[in-house]
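Undergrad: Read off the chains here:
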Amino acid sequence: MNDAELKELERSIERIMEIADGFGLDYFPMRYEVCPSDVIYTFGAYGMPTRFNHWSFGKAFHRLKLEYDFGLSRIYELVINSNPSYAFLLDGNTLLQNKTVCAHVLGHSDFFKNNSAFAQTSRDMVERMAANAERVRRYELEYGRQRVEQVLDAGIALQQHVDASRHADAVRRERMRRLREDKRQRARSRTGPYDDLWRLGEESGGSGTESQAKHGVDQAGADAYARRSTQRMLVPERDLMLFLIDYSRVLEEWERDILSLLREEMLYFWPQLETKIMNEGWATYWHLRIMREMDLTDAEAVDFAQMHAGVVLPSRTTINPYQLGLAIWEDIEKRWNDPTEEERERFGREPSQGRDKMFEVRETETDVSFLRNYLTKDLIEDLDLYLYQKVGNEWKVVETDWEKVRDHLCASRVNGGIPAIWVEDGDYNNNGELYLKHGYEGVELDLKHVEKTLPYVHRLWGRGCHLETVVDDRAVLFSYDGRRVQRKFL
Amino acid sequence: MAASQFTLSKEDWSLHRKGYQDQERHREKVKQAIKENLADLISDEGIIMSDGRQIVRIPIRSLEEYRFRYNFNKSKQAGTGKGDSQVGDVIASDGPPQPGQGQGAGNLPGVDYVEAEVALEDIEAELFSELTLPNLKPKSPDDVVTRDIDFRDVRKTGLASNIDKKRTLLESLRRSQRESAHQDGLNWRIRPDDLRYKTWEDVEEPDSQAVVLAMMDTSGSMGLFEKYCARTFFFWMTRFLRTKYETVQIRYIAHHTEAREVSEEHFFTRGESGGTICSSAYEYALTLIEKEYPPQRYNIYPIHFSDGDNLTSDNERCVRLVEKMCEQSQMFGYAEVNQYGRGSTLMNAFGKINHPYFRTVVIREKAGIYQALKAFFSVRDDASRPA
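Chains A and B, in that order, give the protein sequences. For the first sequence, the numbering used here gives the first residue as 1, with consecutive numbering after it. For the second sequence, the numbering used here gives the first residue as 1001, with consecutive numbering after it.
Here chain A stands alone, though its shape is the one from the complex (with noise of 0.2 Å):
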């Protein structure tokens, strides 16, 4: 873009913004950048301008603009969820598009400032990421590059497994409260290097396993002991990466402080993976009703139509959340607009609620309400939405019953549409193993990866790990013990 270009864009996103806040979108201010697309695909490879380095970054870097250079795909902009918001435009789009792209970004930013699952997230992730990649940085040139990067391997292998609900806060205090009640007693207890030796026998609660381990403790004493520590865990646990920052005893505390930075941008991500359909729609249902308030010339019109067409476009083999979302929306302003005359008896619908309707829902559901309560029969009918399977060598429609796409489609975004993995216990075995429990739903796990990601976990924990799910309809119990995965039934 050169400088006239940028000089109307300036103007027209001041008309759009006019447009915005007539429509009653409340967005963060803006900071709109033009970027080459190597720095808009790196940004979208990293999630983040400011994240820390690592080579899977680099391959989703490498991928996506390998796509781009083939003209396969095409970022055409990113916008973080901050205050104020920061939105990269791309330098190689063209005028119509950038404009487009800003009408579609203050969509997003009204949703990330109004929708109350982002309501717990940092609005200075930013400033916090480039502070975490520089806290990185200098483990790396503490501890090497390679003892680094084998944390964040195993951590990022995990890191989708974090608790986003506000219950987990509570948790955590209840869990520090007993660890340092732990730490007190475990003080108090030793008060003399031979002190232990006149409790020999007794049961010995609390005080830590080294110094039972060290001194032989006879067996009861430490059966007492690993009953009450798995009790104190508390358990089930359903964020994993907390429960190895709390419990892990072979951590190292830098190594710690890699996990808790990575859990802190899990959770920053985290309403995105939850509302992804939501807020696709929603931005695109505001570009759509901004452009159209916008003078545009013939040929821009029928550029737009084009741009958003391609946006759009639905898959045969996935659902576009664009599309997805825009319908939804749409579907929801024409009910509440204009109630057929059952929802005006049954539930007392006013007309012209539409839009009061819609400011509603975007500010109080997730994916999973959304669809739950607002796709209807008449929307997967009319969107033809289907379930498909693998038969064979061939990948074929085998349901169309709306009710079971829905349900379908549901659970497929429950969890932000990962695997729910629980820690049931700290000290399996008695031998301070860990126990986690796939909360099966119906799909079954990626064997192969469970088996690559077990020593993961286990390179965290520092002891045996087992991990139980449903393989055809049976229990199974996959461990790992530091040289081999084995699987049996239960």
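The hints are simulated quantities; they were obtained by calculation from the structure and are not laboratory data. A few of these clues could be false.
[Claimed, not checked] Taking lysine to aspartate or glutamate pairs in the DMTMM-like style, the calculated list, with each CA pair at most 25 Å apart, reads:
(1) K452/A / E1065/B
(2) K452/A / D153/A
(3) K7/A / E1011/B
(4) K1374/B / E1011/B
(5) K1031/B / E67/A
Keep in mind the model is a prediction, meaning the values are calculated, not measured.
Given the coordinates of chain A, assemble chain B onto it according to the supplied hints.
TA: What follows is chain B alone, placed relative to chain A:
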């Protein structure tokens, strides 16, 4: 009012190299992973099954980003039709794009899920750098061939067409700078003294003629696994020799109770059956050596793959023939594919052979193929050859 709510800027991003840095790191990891996984990579079914020609890329498993994730192949997924889709409609016939787990707001519906892959050449480069023909000697010293010329010297005299412009200019600049130090004003020109010429040398390489006699047991007892190992080994051996040694000849000998020479294609694709008499192959090889490859002129490398299930009464004869062949060759390799690790009678018999050029390998699992390649094609501190 609205004007204060935003800024629009365009900065210079040319120093932002982060993506490229991590891409470079990823490339390093790929290289390292190839090195560490050579044993598994080279025994990948995909390579051998596809005639050894078509495949170019192989997945390298250790570089996938593993995590607990759903099995997409065993679950249903949602899609959007063009209207009026019916149960039973076929959408795709193999691997549709699996939904990526990308985060952040991209305008990228349905990201292709790509496995980490490496090119076959990368694997070869890594593998072949470790292999070499052992004990290779220049045979027939008068047959020295000049293969190439190599410009590796710069002189003050030479052919005008070979003038080295860069060095000549540098010389001239240097000299004029020196002179201008005690003259006023820079008077720069090229003098005859400044001229530099590139000069070549003939590169002479001794023509070390070599022949590899690939012998394979094709008897009925060679099961799928045994044949697979043998062929994989010979596949890589052939590629290795063709890449690194231009003049090496390879002869293929298949045997069960009788031996015969076969074409390369036949060797790699056909199976046969029957009992096993290994000495038949050795005898055939010895005749071949006698007729076509006199040891004075050739480096000879007989390599034999078998499952060790030899006719017991034949073993003694085998030992005698192998000892004889060792005398005539640079290295004799015997590889036994033996999945269950039971000691075979043939291997026992070979245990008596104590010749520095005699090498044996037992392959128990696929990874052993790599060990065999390394064992046969590496330089060892062999005791000097008995005269």
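Undergrad: Check each numbered hint from earlier against the structure, then list the numbers of those it violates in ascending order.
TA: Violated: hint 4 alone.
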